[in-house]
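K.L.:
Line by line, the protein sequences give chains A and B.
With the working numbering as the guide, the letters of the first sequence map in order to residues 1 to 372.
With the working numbering as the guide, the letters of the second sequence map in order to residues 1 to 372.
Among the clues, some could well be false.
Note: identical chains are not told apart, hence a pair may lie in one copy or across any two.
Stated by the list, open to error - With a straight-line cut-off of 27 Å between C-alpha atoms, the simulated DSSO-like cross-links for lysine-lysine are:
#, residue 1, residue 2
1, Lys238, Lys22
2, Lys22, Lys66
3, Lys229, Lys206
4, Lys362, Lys41
5, Lys246, Lys105
Keep in mind that the hints were calculated from the coordinates and are not lab data.
Protein chains: 2
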Amino acid sequence: MNNEINIKTLIVKNPLKLDCGKTIKNYPIAYETYGSLNKKKDNAILIFHALTGDQFVSGVNPITNKDGWWSYAVGPNKSIDTNKYFVICSNVIGGCMGSYGPSHKDPNTQKNFGTNFPIITINDMVNAQNNLLDHFGIDKLFSVVGGSMGGMQVLQFVSNFPNKTKTAVPIACTSSHSAQNIALNELGRQAIAADNNWNQGDYVSKNTNPNKGLAVARMAAHITYLSKKGLQEKFGRKLQEREDLKFSFDADFQIESYLRYQGSIFVDRFDANSYLYITRAMDYFDLTRKFNGNLSNAFKGTKTKFFVISFTSDWLYPTQENKDIVIALNSIGADVGFAEIESDKGHDSFLLDVPDFLNVLKNFLEKSYVEN
Amino acid sequence: MNNEINIKTLIVKNPLKLDCGKTIKNYPIAYETYGSLNKKKDNAILIFHALTGDQFVSGVNPITNKDGWWSYAVGPNKSIDTNKYFVICSNVIGGCMGSYGPSHKDPNTQKNFGTNFPIITINDMVNAQNNLLDHFGIDKLFSVVGGSMGGMQVLQFVSNFPNKTKTAVPIACTSSHSAQNIALNELGRQAIAADNNWNQGDYVSKNTNPNKGLAVARMAAHITYLSKKGLQEKFGRKLQEREDLKFSFDADFQIESYLRYQGSIFVDRFDANSYLYITRAMDYFDLTRKFNGNLSNAFKGTKTKFFVISFTSDWLYPTQENKDIVIALNSIGADVGFAEIESDKGHDSFLLDVPDFLNVLKNFLEKSYVEN
């Protein structure tokens, strides 16, 4: 689907040894930029996307023709002000928007990788994206910012490169995927695997498409992105274009119709195998693992100035898990601010028009930038 | 699968006009009893089961050869003491353990009903089960008790028959299915419908079985029955019989293995179409609907003594929704007690060995029975 659209791609020549033990080289990273890099090259912000995001943060996504996934936060005069900052965002490896992933061809077999693609971790994603800094000649970023899985990458980035960014903003995330998080991702993977058209991941050569399973996975995830209260306020028991119940299995309720729609549009823009790989990376994420369970040690020696943001109604990565990051940073005397934003919009709050959040983000960056 | 097992069945001759407008008659209700009905016939408790329950409350379920679903609460000297009370429980209509449901033959076509079975409501379930009282010559029950969808039936029973039970114990339930509840049930239905073997519900004649879809539906539901904290304490990030991550899509984590197992054993005992029908009944449940949104009016004139029970970590039917029932009953001066039980076991608490809950239930019933 990318044939006629110009997707900026960096071919990374440096070999990257993945956590699984395999090494990749000459692999593509698809990226997009917004704004201009200044002469001092000290105004760059690397944004990390979440599970189903991509490099098209702002403006119109040329693939979907819809607004970029973070248009509320990124653009001229917005929180991440592209008049001021140079914004870079790349598709994660394992993804399906141009970066190296399971829908690419295996050079050994000339067939699509499918599930023969190596398992990717958050650490691998971050190490791959670090090559973009060299590409742009950036020694030190002004900031790394991301929500959800993007926030995990923020944490991993600072842990891997303690002095390669002046500031870091992990949003609505966790330092270690919980049992419930893993359970929900496994549910999505099982929904895909249950689709006979998945064919053990080899659906391209079989000319099938596990769209039904992928849609179910998306519906499951979508429910977790919204809060019970938010769903009740938005949908409640409102009926879908009907006066009364139909006594059938049609979508009587607006919430049913909404979920079905979310599932159906998702499969047009996302690859089922990428969904498996990226959820796997999230489940494998436990930043404390290499540090004997001590999160503070993951950030030892960093001079990076952190700002952690959580949302009251986010039950996927609740405030406490975000606070745990703050506590770990405080305990080594790192520079860290924290804001819990009041919102009924659940985990999705970071993607939506939540003014308190957008203001907090803008102010932290501006204050830190002036201090530059 | 019921060929060689004696399932007690009442054939209900009285026609029942369903909420959907259709009328059923000469339909089977499969039931089980425990303990003995006393001479005054005033010691009977009607237990209503939840989504995937059945009539085999206690002892060994002859179909699954496992303990009955409420063995912790029901039996000799237990909370619902079968030395004292006569317990009746029947499979709901729409179910798959002998009562009239989608796996029965349509007399008009001699084919399995499948999705040609009429849509069932909680009201229909309760009205059907009421026939058991006449069958046993019971004018007035000592109690109606149930958790989750069983609790909804408790509420509906008292609303329909305000003076046919002395006491009523709705547990971990709601008077109106929320948008999130509907969303989660719709997810399960879509998982089943996504399975090509479902064949629009006509899988029996096609000799297929939508077990993969049904297993995914069960996994989704199972996650909602447990609390985030409970999952973390029980599973956390523990690995499944391995020292380290395998970098594959196998079940690395115990929680993954557990979920897959729950899905796999469920399909042996449950019918996919019944899952559709019963979740639909739950979603249609809104006791306030006939009463202009006023829940109190649903209970007007009842002399029934209520005891409402909720659990702190139940996020599916949280305490507030149970309290709303208490408030509605209080506002018409009905006799109502309430207990919120501290438990990390989530919605499933009512099915598990939660001593505070079991004691509260036992004490309420005993105190009310002495007063008889």
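K.L.:
A separate judgement is required for each hint: does it hold in the structure or not?
P.N.:
For each hint, the structure was consulted:
no. : hint              : verdict
1   : Lys238 <-> Lys22  : between (51 Å within a copy, 25 Å between copies)
2   : Lys22 <-> Lys66   : neither (36 Å within a copy, 46 Å between copies)
3   : Lys229 <-> Lys206 : neither (43 Å within a copy, 42 Å between copies)
4   : Lys362 <-> Lys41  : within (20 Å within a copy, 72 Å between copies)
5   : Lys246 <-> Lys105 : between (48 Å within a copy, 23 Å between copies)
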